[in-house]
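Number of protein chains: 2
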Amino acid sequence: MASELNPAKTGSVDMTPSEIHYFQSYNHHGIHEEMLKDEVRTNSYKNAIYQNRHLFKDKIVLDVGCGTSILSMFAAKAGAKHVYAVDMSTIIEKAREIVAVNGMADKITLIQGKMEEIQLPVDKVDIIISEWMGYFLLYESMLDTVLLARDKYLAPGGLIFPDKASIYMAAIEDGDYKEEKIGFWNNVYGFDFTPLQGTALAEPLVDTVDLKAVVTDPCLVLSLDLYTVKPSDLAFTAPFDLAVRRNDFIHALIAWFDIDFSACHKPIKFSTGPHAKYTHWKQTVFYLDDVLTVKNGEHLQGVLSSKPTEKNRRDLDVKIEYVFQGEDHDRSNRGVCLFKMC
Amino acid sequence: MASELNPAKTGSVDMTPSEIHYFQSYNHHGIHEEMLKDEVRTNSYKNAIYQNRHLFKDKIVLDVGCGTSILSMFAAKAGAKHVYAVDMSTIIEKAREIVAVNGMADKITLIQGKMEEIQLPVDKVDIIISEWMGYFLLYESMLDTVLLARDKYLAPGGLIFPDKASIYMAAIEDGDYKEEKIGFWNNVYGFDFTPLQGTALAEPLVDTVDLKAVVTDPCLVLSLDLYTVKPSDLAFTAPFDLAVRRNDFIHALIAWFDIDFSACHKPIKFSTGPHAKYTHWKQTVFYLDDVLTVKNGEHLQGVLSSKPTEKNRRDLDVKIEYVFQGEDHDRSNRGVCLFKMC
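Chains as they are written, first to last, in UniProt numbering: chain E, 1 to 342; chain B, 1 to 342.
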């Protein structure tokens, strides 16, 4: 049955403007259209579910942040006994219509509300499915909410789809674009706009990086196991060591993430890296203050730190500290770059 | 002197979440980068001001919604005695730095606050400059605020830059894109998502329209004289009559606007139409429920209505009623399409 539980509607007085805006941005069909049209993303979930009907048959499933309910319908079609689908945004009203028109209203219960506030009609679920990943994996991500659902509702031995997420970094040459983006502020219709240069550099860029621009090997910086990770692990500090693969310049570091559904009979994974097929997450680009002159075989080392900002837990403060020493002693750089994703 | 008047900061409790979000969206440098990089827009203002130094010399100028203060600096450089620049968003902090680094802190006073709430240090100004136009001219536009500033501060005989704005419509053939955009919802990974088709149609698209797609002559639907227009005029109902110029199909109506600086010695204007050079406003596309089969010489007639929504004055409710009668009596259409820009 389609539930009408609506304990907290968007706009309730106990949410900050940022929270309201976050949820309201998902009211709009356009963001769902973009996510549905992301075939790598959606087909990965579809395949992970459809190729593992033996795992879903007769099970109780929870879809955290269900949006238009596509994942819930995959699960119902794969044989789930019942699916509880939770979302804060008003898109859930459209999801109810979609579920009904596909004849699954008896299999999928849609509940509008915050996971933290609603109460499911069952004590435990067998499987949690969720597409929670944000840019740079953790920006505006729903992961805290998924972990809360896990701790509150997942039965012992229950499954999480997907269950692994990893962040990778690499370094890129991006001279032309950086010059254009940063250099632009030097002369704006005859005026000095350099006070905005720092702002332009301080914000990571979400963009599709050409594989040809990548100058180093990738480096794994964070690995999350959704069965065991704690909310406190989402603020992390991780060292990196990037092996330079050709003589070139380094203007920026990039980050992306990989997702694994390892419970699958044939494990399914997808990557959002520059080597992989396009996804709407693209890659995240962090411009360094310096330009590094690097040679094949050298190493760019450093530390990546990321934590939710104090003002808004869905925003991130990112710090990249780096040290580089070339073979010749006149090539050396070090720096600390601060970024805000907001 | 750069003023530190900050009577109302973004986030004060008497603003709705929508208001806060509107102002906060201008805190971000990216939106200003897009507007500054719009050369048609910015060069039009630059030329209107620089080519009319005789109008600006020794005058008191008010810049409504100054953003990064580019227009204020044009005015100061053109010889204004003093410029008062008002903006609600925190970008004004960066504007203060920009004005200072360009040595104009003695000529430009930047005031953070809502035009409705602040009090200028002068009773009257000689010239109001403002870039207030939104998509479809009036979506999220600042025009109400400009009119308030005019009524409160503009001296008798004072000038407004720009002083005229006009909305035009035309009809286009857009079969492929409409099919892709609307048809997409028929089958989403094997599910019927048609409940989202209505939503997709109900929201106008802001996009660059190829001139080759335009099937009719343009038609003027609204003409605003900034010296005399009243806030109540911004909710309007206007008839249109579109003359078909070739045998084709009509899938959508488009709207754009023209801007005039008619006080100029040599009048300056720019258009955001499909025939004109790119601007960040692009054109606004309204998909009809029907597809009309039309022949050269026939007419598509109707009425365009637009008004601020009740919930949020920066959003628009748009209604397009149309009637079409082809030469052959078996080609006729009529319809009423409702749109929301939010």
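These are computed hints drawn from the structure, not numbers from a lab. Please note: incorrect hints may appear among the correct ones.
The list makes no distinction among identical chains, and a pair is therefore deemed to hold if it is satisfied within one copy or across any two copies.
Claimed, not checked - DSS-like mimics (lysine-lysine), calculated; alpha carbons at most 30 angstroms apart, straight line:
id : residue 1 : residue 2
1  : Lys178    : Lys46
2  : Lys59     : Lys311
3  : Lys319    : Lys266
4  : Lys311    : Lys114
Q.
Could you work out which of the previously given hints the structure breaks and list their numbers from low to high?
A. 2 and 3
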